[in-house]
Structures are given as C-alpha cells and as structure tokens.
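Trainee: Listed here are the chains, written in short residue letters.
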Amino acid sequence: MPDAVLTHPDNAEPVEFTRAELGWVPWRAPLPEAEFTKRHYDGLVDRGRAKSPYFALLARDPEVLGARTRTDKDIFYNTDGGLPRAERELAATTVSRLNSCIFCASVHARFAAHHAKAPEDVDALLAGGVATRTSPRWDAVVDAAAALTRTPSAFGPDEIRALRATGLADDEIADLIFAAAFFNWAKRLKLSIGKPTPPTAG
Amino acid sequence: MSDTINRLAGIAPGSHLDQLRNRRAQAKTSAEESFTLLLSPADEGDFPVADRRRVAFFVALLHGDAEAVSFYEALLGEDPLAGGLRNEAERAVAPGPWGRYPVGPLSAEDIQGPALAIPDAAGFEPKLARALEHAHLLVLHPRDASPRALQALLDAGWSTTGVVTLSQLVAFLSFQIRAAIGLRALSRV
Chain A
1 MPDAVLTHPD
11 NAEPVEFTRA
21 ELGWVPWRAP
31 LPEAEFTKRH
41 YDGLVDRGRA
51 KSPYFALLAR
61 DPEVLGARTR
71 TDKDIFYNTD
81 GGLPRAEREL
91 AATTVSRLNS
101 CIFCASVHAR
111 FAAHHAKAPE
121 DVDALLAGGV
131 ATRTSPRWDA
141 VVDAAAALTR
151 TPSAFGPDEI
161 RALRATGLAD
171 DEIADLIFAA
181 AFFNWAKRLK
191 LSIGKPTPPT
201 AG
Chain R
1 MSDTINRLAG
11 IAPGSHLDQL
21 RNRRAQAKTS
31 AEESFTLLLS
41 PADEGDFPVA
51 DRRRVAFFVA
61 LLHGDAEAVS
71 FYEALLGEDP
81 LAGGLRNEAE
91 RAVAPGPWGR
101 YPVGPLSAED
111 IQGPALAIPD
121 AAGFEPKLAR
131 ALEHAHLLVL
141 HPRDASPRAL
151 QALLDAGWST
161 TGVVTLSQLV
171 AFLSFQIRAA
181 IGLRALSRV
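Residue numbers (the UniProt record's numbering), protein chains in the order written: chain A, 1 to 202; chain R, 1 to 189.
No lab work stands behind these hints, which were simulated from the structure alone.
Here a beta-carbon is modelled for each residue, glycine too, at the ideal position from N, C-alpha and C.
Take these hints with a grain of salt, some might be off.
If you want a taste of the chain R side facing chain A, the calculated C-beta under 10 Å gives, among others [claimed, not checked]:
{"no.": "1", "residue": "Ala-27"}
{"no.": "2", "residue": "Leu-75"}
{"no.": "3", "residue": "Leu-81"}
{"no.": "4", "residue": "Arg-91"}
{"no.": "5", "residue": "Gln-112"}
{"no.": "6", "residue": "Leu-116"}
{"no.": "7", "residue": "Pro-147"}
{"no.": "8", "residue": "Leu-169"}
Work out the full structure, taking the sequences as your base and the hints as a guide.
Mentor: Right under this line is the structure:
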C-alpha cells in the first residue's frame, strides 16, 4: 500500500483570523513519544513539547529542530535590551497575516495584544491586513516586516529611514529584522505539514 | 568562525553591526549551526548533500537576491543540473506571497498565481523535481500548502523524515536570506 498523508476529514478548518486559541493537526505522523531518546528531547529543548504534534513531527530531524528552536528563543525572548517584546510579536503577527497563517497569527496576535496592552490595534491588523494604520511607530514596524516578507524582498533604505524616524535605534531595528526573518522560517513549516483546528470549547 | 549571514550581508568582523549581532549570540551561533546541519550534514540521511545544495541554489534564485544566488551557486560547485535549475526558477514566478485561503470570508483576499510543474523533459530525477516544486510552493505561495502537495513528495519516494528536513531547509533559507537582506540595508543607511 502506498504511503499516505494523514487527512482529517471532520476538521472544520478556521476560515478567519482570530486571537482565540486554535489547535493544529499534522499531515504526517509525529514521532511517537515512546520512540523519543535523549537526542530527540535535546532537539525539543523544552521536554514538554513532545506532547505537541507539531514539535513531535519536527523532532524526526532532532538536531535541526534544536538549532531552529534556540534561534527562535534568542530572537523572541532575549530581553537584554533591543526591541520591546510587544513589537517583536507585532512583527511575527504581520508576517503571519501576510503569509495567511491563521494559526500563527492567532498565537502571536495574542502575545502582541498582551505585551502592548493594545488588543484593538492588533485586532485591526488581523481584520484589515498589513496596510492597516494604527500609530506611526507600529505602522513603521508593520511596513518593515511586510516588506521583508515579500518575495522578492521589498525591504531597503526607505524602511530603515521610516523606522529611525519613529525613534527606533539600530539594536531595535536589528531585532525587528530577525523577528520578521525568523517568522518567514516558522510559516513555511506551520503551513505546510498540517493545518489548524477550531478553538477548543471552554 | 565564519558567519554566513554576515557574509551574505557584507558585515565585517568587529564592525558596528557585527557587535549588534553579538548581543544575540545564541541566535547567531544557532543560525549558523542550522546552515551547517542542513547544507553540510555529518549524516545526510536520505537527503543527499548534492540535492540539498541544488534545492538551496534554486531557493536563492526564487528570492532574487544576487548575493545569495552567488553564494549558493558556489556552494553547489560544478553541477550538470545548474543550468536546468536556473531555467526552472525563471518559470512560474510572480510576486509572493500569493495563494488561496480556506473557503470563507477571507476568500476575497485570494491571489491567483502559478504552481510550478517540472516536466520530465527537464531532466531531473522525479524525487528532486518534486522537491523543487515543493520549494517553489513554500517560498512563493505557502498559503496553498495542502496534503496533496505532501502526498506528491511521498509518491516520489520521500520519507517522512526527508519531508521534515526538506521543509526545514527551504524554511531556513527563507529566514537566512531575509536576515541578510535586512542587515545589508541597515549597514548602508
């Protein structure tokens, strides 16, 4: 019998952007938890991620997953100076919105709304897309993340000048570039090996 | 140790931007480690190094960044398929990202665009041809990803682990090339 992808015919895939907690199902079998060795747990970085079908599927190449995850964590969670967490999450939300990743947008819109304490601005971005205007600084961040996400890239001197004009220093701009660039890595995994499921009840 | 993102961005060791990058030392070393694991692995598994570098050259071409194209062309080295890879990268190109949403209110935002279908006459082994088609999907219209697209890889002989590594390779390059483009702009303004 030919090898076949996993289908989830009963899944009602979400069709709108939301800040609600969505689920996600894989199209190929995750590595069963019983088959995890130290090498796989090292790749997960956080052991509890063995329960996540997304990370357990990526754990089939554990060294690459480990390097990916350490890159991710430093870019998003190292708060020793640089861009505020809220704006790193805003960049992630922008990339997710432009690449149409309903699952990733839901996660990072939640984080951006929490850190910025501006849920209405985040909701406006989700509803209206990356051309939505909120405030000069956020607009510059969204424009820069969107320009870097297009292929071929539309990012250049104009984006740098616009960011500086709203007060971003070079260390903040570097953090923004890495947050937006990293999300172009994340999207291409999350969108292509499975799909989101509706918010869990309750 | 040499750093590929700095090299692609034209950042000299010890420069202002190099110092900015060193504030995020774990991200810097882990990105470089990803590059080595994906493009020069100690154990290539069932994804040969030559094919990894062909996919990388193709992905660089799709991004249209001259520095990345030169770098990955050099990494590929003399290869009888290089011309064919260039030809395929010039087909089915449009400004990305495009694609279709699941049917619903967002369908109004759907953007039509071409999928890449490499003919047998192009001379690629089927396994590589399907990998290049999948790379085109991931780079330019990831919104169109589907179980059917993964099934095409399986039907061509890709294992699940191979699919994971291929997806990571294309995804990583989508990051690396953008990081370099961003830093290059920052260094010049």
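Trainee: Holds or violated: the hint that Pro-147/R contacts chain A, with Cβ atoms closer than 10 Å.
Mentor: Interface hint status for Pro-147/R: holds (4 Å vs cutoff 10 Å).
Trainee: Please verify that hint: Leu-75/R, Cβ, nearest Cβ of chain A, below 10 Å or not.
Mentor: Violated, because the Cβ-Cβ distance from Leu-75/R to chain A comes to roughly 18 Å (cut-off 10 Å).
Trainee: Does the interface hint hold: is Leu-116/R within less than 10 Å of chain A, judged Cβ to Cβ?
Mentor: 14 Å, violated
Trainee: Does the interface hint hold: is Arg-91/R within less than 10 Å of chain A, judged Cβ to Cβ?
Mentor: 15 Å, violated
Trainee: At a threshold of 10 Å, is the proposed contact between Ala-27/R and chain A supported by beta-carbon distances?
Mentor: With a minimum Cβ separation of about 4 Å from chain A (threshold 10 Å), the hint on Ala-27/R holds.
Trainee: Under the criterion of a CB-CB separation shorter than 10 Å, is Gln-112/R in contact with chain A as hinted?
Mentor: 14 Å, violated
Trainee: Given Leu-81/R was flagged as interface, is its beta-carbon under 10 Å from a beta-carbon of chain A?
Mentor: 23 Å, violated
Trainee: With 10 Å as the cut and Cβ atoms as the points, is Leu-169/R at the interface with chain A?
Mentor: 8 Å, holds
Consistency note: the structure conflicts with the earlier hints numbered 2, 3, 4, 5 and 6.
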